[in-house]
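Enquirer: Single-letter residue listing:
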Amino acid sequence: MATKGRRATRAKPARRKPALRAKRVVGAPRVGRTAAPIPSDIAVAFRPGDRVRVRAIYPPGHIRTPHYIRGKSGLIERLCGSFGNPEELAFGRSGAPRQPLYRVRFIQSEVWPDYAGQRHDTVDIEIYQHWLERA
Amino acid sequence: MAHTHEHGRDHDHDHDHGAPHRHPPRADHDDRPVSYYQVMTTAVFELLIEKGVVTAAEVRSNIEAMDGRTPEQGARVVARAWSDPAFRGRLLADGTAACQELGIEMGPTRLVVVENTDQVHNLVVCTLCSCYPRMVLGRPPDWYKSRAYRSRAVREPRAVLAEFGTRLGDGVTVRVHDSTADMRYLVLPRRPAGTQGWSEEKLARLVTRDSMIGVAEASEAAAL
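Residue numbers (this note's numbering), protein chains in the order written: chain A, 1 to 135; chain B, 1 to 224.
So that you can see chain B by itself, here it is in the shape it has in the complex (with noise of 0.2 Å):
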């Protein structure tokens, strides 16, 4: 049975089973043996900081800006996206450019977005390792690095979408993004009904991380 209690402490509720008592411990992420990658990992960063070639805080300002990002950029985008038709064109027409509009920056790659329609249903993989939009996105959950969905989303999209409890017509075209390359990709969902004159911070509240993937569509103006 489930519980809550605090551990390490005499309890003198009524529990059936006794007390006091011990679970067994559950394996912390860092009982498993140190793996090759996290040795080499940890002797480059010594490596590169015994030799001055970058500090250890900038490695940590860095992990930090890393963990800063969230989909509360990109769900910014997409709410100006849908309350400024210009904006929207400029964003179709080049990702990066609108992005740097707002104030974020792609760094190295290129931001392509893919507009969702009625006619169309976009969705964002990569099936050689896990390029993500981390600028606008932050850092992807783990099912988009799994090995399970950088397969399957190419091989039957439509069978994950429904999986994600997003069941598409069949007049609708299915368009996966495998993100192979330079270039990174953000959904723009189909704006929900019933959200006509709201803010632009409102409707953002609508965009969710997985809506800008394309596993899902954005939340309906009722979520609210």
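In isolation and in its complexed conformation, chain A is listed as follows (with noise of 0.2 Å):
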């Protein structure tokens, strides 16, 4: 894992003044609507039709990003909002700085050499935004 950027993130919350967090507010995303705006201390940095790439690494710990996947590039299909990184609620933790939640779609036969089934057949996978970057 990428210990120097998890850890410069993690320290972000504490030195960042309050009145910067108000305007860090993430637009009620599609799905949810009824929720209120999202706080996200993590901005949202891709839009639907964006091509992104699954980070390819494997650290330790509890990981929602499926093995399969890893390397693969597909579509940004939607944002699903922001969430608590797992990764930390696993272990207790607050889950802060919460993390922007894709819906990425992907092409089956990108994702598996020997696909049996047709060309335009997808696979879509919810995907947090650390675990992804451009295309």
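Derived by calculation from the structure, the hints in this document are not laboratory data.
Every residue gets a Cβ at the ideal spot worked out from N, C-alpha and C, and that includes glycine.
Treat the hints loosely; a few may be bogus.
[Said to hold, decoys possible] If you want the footprint, here are the derived chain B segments under chain A, 3+ residues with CB under 8 Å:
#1 150-162
#2 175-187
[Stated by the list, open to error] What follows is a set of in silico ranges between Cβ atoms, one per label pair, in the way DEER data are often shown:
#3 V34(B) / R134(A): 43 to 53 Å
#4 E110(A) / E58(B): 47 to 57 Å
#5 V54(B) / S94(A): 14 to 24 Å
#6 E200(B) / R134(A): 43 to 53 Å
[Stated by the list, open to error] In silico negatives: residues of chain B with every beta carbon more than 10 Å from chain A:
#7 R26
#8 L48
#9 A56
#10 A65
#11 M66
#12 R69
#13 A86
#14 G89
#15 R110
From the two separate chains plus the hints, produce the assembled complex.
Expert: Shown next as structure tokens:
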């Protein structure tokens, strides 16, 4: 895992001035319209249609990114909102800063080289932003 | 040979294997040794009660509420969507909010509803564990939690669908949804032909659990 990056991210909330937080409010996502806008410590980086690649890293811990999709690229289908980071929550921590969560759509024949279905078949997977990079 | 007579009783009807007799006992589900996690569950349960965090009655009422949820909830949602185009639109835009209209609360998770059409067939799986839209479908079937389904639904969905009796044309796109995080998924199956003018209650009887997971279509009109 990129421990340097993670340490830096985790240290941020303590240093940040509270006044900045209100400005970093993400608009209500398409999903969960009834929920109030979700304050997110991590700014939303991708929009629907953006091409992204899932990071091919293999850290220990409670990870919600399936192995089979690491290193693969797909398109952002939607922003689901911002949620506590499960890699933190799993160890009884606060889950802050909350991570934007996306549904990413992958072409099955690009995920499995010997895929037996049709070329247009897809798999949609929920992936947190810190697992995605622009492709 | 399989037979269904009551045991522990003499019976004088004519069997050719002589009476009375015993069958080898079948193992009950609780005959196995208690597992590590069962012990841990019980220990945590007892500690929470002892320390006054929860009461036994609260735990029981939660279990009863969990067991009380059935696929009939989801069927009601689907039948409403088939009957009311405006509701269908709201359901596809925001499943959580649309379910609230029908008095179904999603709790901490959010519901994404995906619609089957002539061109697209949706299938739901959780490859990491067994995430399932319990608030609308109740508890998942055992096969949904099996390693075989969890790995094959994403690897060879068309083969899995065929085993459930669902054969799709090459022109149909199969869209698998891997429920890996905070969303839960409900498939809105296609409305069966020959159901024009049916009431929501009657339509709901065609909506099976499997059709809302996506391994099958809704039942045909002739099924009723």
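Enquirer: The structure should be examined with respect to each hint, and the outcome stated for every one.
Expert: Results for each hint:
Given as covered by chain A, the region 150-162 of chain B passes the check, having 6 residues with a CB less than 8 Å from a CB of that chain where 3 are the minimum. As drawn, the region 175-187 of chain B meets chain A at 9 residues by the rule of a beta-carbon pair under 8 Å; at three or more, the given contact holds. Taking the beta carbon of each, V34(B) and R134(A) are about 51 Å apart, inside 43 to 53 Å as hinted. In this structure the hint that E110(A) and E58(B) lie 47 to 57 Å apart at CB holds, the actual value being about 48 Å.
A hinted range of 14 to 24 Å holds for the C-beta pair V54(B) and S94(A), which are about 22 Å apart. Under the hint 43 to 53 Å, the C-beta atoms of E200(B) and R134(A), about 46 Å apart, fit the expected range. With a closest Cβ-Cβ approach of about 38 Å to chain A, R26(B) is found to remain outside the 10 Å limit, as its non-interface label requires. No beta-carbon of chain A comes within 10 Å of the beta-carbon of L48(B); the shortest separation is about 16 Å.
Distance check on A56(B): its Cβ is at least 25 Å (rounded) from any Cβ of chain A, clearing the 10 Å threshold; non-interface status holds. The claim that A65(B) lies off the interface holds: its Cβ sits roughly 22 Å from the closest Cβ of chain A, which is beyond the 10 Å cut-off. With a minimum CB-CB distance of about 22 Å to chain A, M66(B) clears the 10 Å threshold, and the non-interface call stands. Every C-beta of chain A lies more than 10 Å from that of R69(B), the closest at about 20 Å, which supports listing it as non-interface.
Separation of A86(B) from chain A is adequate, the least Cβ-Cβ distance of about 15 Å exceeding the 10 Å criterion. With a minimum CB-CB distance of about 13 Å to chain A, G89(B) clears the 10 Å threshold, and the non-interface call stands. Against chain A, the non-interface label of R110(B) is violated: not every CB pair exceeds 10 Å, the least being about 5 Å.
Figure legend: structure checked against the earlier numbered hints; the only hint not met is number 15.
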